[in-house]
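Those protein sequence lines, which keep their order, are chains A and B.
If you count the first sequence from 1, you need to add 106 to reach the working numbering.
If you count the second sequence from 1, you need to add 60 to reach the working numbering.
A few of these clues could be false.
[Claimed, not checked] Listed next, the stretches of chain B that the computed footprint assigns to chain A, with coverage defined by at least 3 CB atoms under 8 Å from CB atoms of chain A:
hint	stretch
1	72–78
2	123–136
[To be verified] Cβ-to-Cβ under 7 Å is the rule here; a few derived chain A residues that face chain B:
hint	residue
3	Thr211
4	Ala215
5	Lys412
6	Val414
7	Gly416
8	Leu471
In short, the hints are calculated from the structure, not lab data.
Here a beta-carbon is modelled for each residue, glycine too, at the ideal position from N, C-alpha and C.
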Amino acid sequence: MLTAEENEALCRVGPGTPMGKVLRRYWTPAFQAGDLPEPDCPPIHVTVLGSDFVAFRDSSGRLGFLDELCCHRGASLVLGRVEEGGIRCLYHGWKYAVDGTILETPNLATSTFRERVKHGAYPVREAGGLGWVYLGPPGTEPPFPAFSWTSAAADELVVSEMILDCNWMQVQEGSIDSSHVAILHLDTLATMGAGPRNVGSFAFAGEPWDLDMPVPARGRPGEGRPGGGWPSDDNAPRIEVENTPFGFHYAAIRDVTDDPGKKFVRVTAFAMPYTAFIGGVASGAVIVVPRDDYTCSTIGVFKVPKGVGGVTQPVEDRRVRLPAQDRAAMAAGQSFAGFRGGNRIQDSAVQMSEGPMYDRAKEHLVPADLAIIRMRRLFADSVRCVEAGGAPLGLGEDFDFAGVGPASAIIDAGQPWQDLVPANQGVREPARQR
Amino acid sequence: MIWLSIVIDTACTKIWDAWGSGARVTSLRVSPAVYAAVAAARPGEVARDYPLMLLGLQLIADPEVATYDPVAVCDPVAVWR
Chain A
107 MLTAEENEAL CRVGPGTPMG KVLRRYWTPA FQAGDLPEPD CPPIHVTVLG SDFVAFRDSS
167 GRLGFLDELC CHRGASLVLG RVEEGGIRCL YHGWKYAVDG TILETPNLAT STFRERVKHG
227 AYPVREAGGL GWVYLGPPGT EPPFPAFSWT SAAADELVVS EMILDCNWMQ VQEGSIDSSH
287 VAILHLDTLA TMGAGPRNVG SFAFAGEPWD LDMPVPARGR PGEGRPGGGW PSDDNAPRIE
347 VENTPFGFHY AAIRDVTDDP GKKFVRVTAF AMPYTAFIGG VASGAVIVVP RDDYTCSTIG
407 VFKVPKGVGG VTQPVEDRRV RLPAQDRAAM AAGQSFAGFR GGNRIQDSAV QMSEGPMYDR
467 AKEHLVPADL AIIRMRRLFA DSVRCVEAGG APLGLGEDFD FAGVGPASAI IDAGQPWQDL
527 VPANQGVREP ARQR
Chain B
61 MIWLSIVIDT ACTKIWDAWG SGARVTSLRV SPAVYAAVAA ARPGEVARDY PLMLLGLQLI
121 ADPEVATYDP VAVCDPVAVW R
């Protein structure tokens, strides 16, 4: 739980807010690079961290990320023309370069003004199919977190964004929470032909009904429990957390059904403040970015064989539209959650159901929520660091982000799970045995 | 401002450590300031005279406990497997 004051401090992201100041100290994935496909293409409007910007690609292919409103009379530059090395406001023709230099002011002949004033412009770079911006104080940007997939070519990446109408913390907390997987996502596991087939009084009566949902490599329906997949019926994993140079990682450790000499380990890594590498999803990451206090984007970036990726997701397909919950399928034993569409729809349904900004004074955390608890701790510590004039946690100075990753494996009961992810450089805490 | 995020992270880590050593944790001792912060956030439970709970454990205010160093109280006898 959090007090109301702390909840506000950790959830609000606008300029001048405690968490807003923290988040502006990291490189922030703000838009899909595919939305600016070629030089001088139409600009796009970007809302991120509660502020509005225009992003564009100039005649040389360089990205620009500027304050949205023209500094003359405040017209939106999203309406502007991208031409000959800059973006021109439609209203009076003022023109800006990618670095905020005012190139032309048709209604002001003298150049003195242009030489002394610059438009708000921010460092921006393209990596991993995304446009990343730095919105913090000039000169304080940290090294770019070069994850393993950020150097991949566009046609080796699939970028899938969902826009949710709720505060970003609700989604971020869900992305790192392992203990809901075998419950909320029971349909997904059943469709994969893996894992438990019941929760409480619910048990699948025959095959799950959503066999078209997007899932990892699927087992044959009715096959039961194939090798790998989800080899456990344990819905109360023990959780072990370690801090790392980039944030933290944790293991959800479950008993393996019918094999007491083994344990099923899912390691999730969280790179401050946006990116989760989720156990069982080895080829990519899930990024949650606040657009404003009540809207966020969750972006899946997945590495795929060359030539398979590179298709830009249509803008109109990004905002989550929940299907109706199928109560008949739930009652008939065909579905536990009743939502077609796979994990991300199931997650979106429960996360948005918490309301626009969940009041955490009402919650009752349990020890199984340790990953969520640790994430909030790192955010709180970062707020305190920044307020004291320092840097937030997890910037990973001199750290090789390319090695950050998750793991999902069945290992011997006595083997340290940290062996699966040595590049995460976790700071070992005393081993715990249940 | 009291950061419950820090209090809870410390408490939760201690609970897992206690479980790891086979102990049964029975309650959490926290500073009076933390207790007051939880009580203020949970007026409904206070009004119903319910015990205040954190991490599934009853909270006990203890002036000997520092704000950011809660104590997981363990059953001195019971030891889990």
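Hints, verified against the model:
1. 72–78: holds (count 5)
2. 123–136: With 0 residues in contact (Cβ-Cβ under 8 Å with chain A), the coverage given for the stretch 123–136 of chain B is violated.
3. Thr211: Violated - the Cβ of A/Thr211 stays beyond 7 Å from chain B, reaching only about 47 Å at its closest.
4. Ala215: 54 Å, violated
5. Lys412: It is violated, given that the least Cβ distance between A/Lys412 and chain B is near 43 Å, above 7 Å.
6. Val414: Interface hint status for A/Val414: violated (41 Å vs cutoff 7 Å).
7. Gly416: 40 Å, violated
8. Leu471: Holds - the Cβ of A/Leu471 comes within 7 Å of chain B, reaching about 6 Å at its closest.
In terms of the numbered hints stated before, the structure departs from hints 2, 3, 4, 5, 6, 7, listed from lowest to highest.
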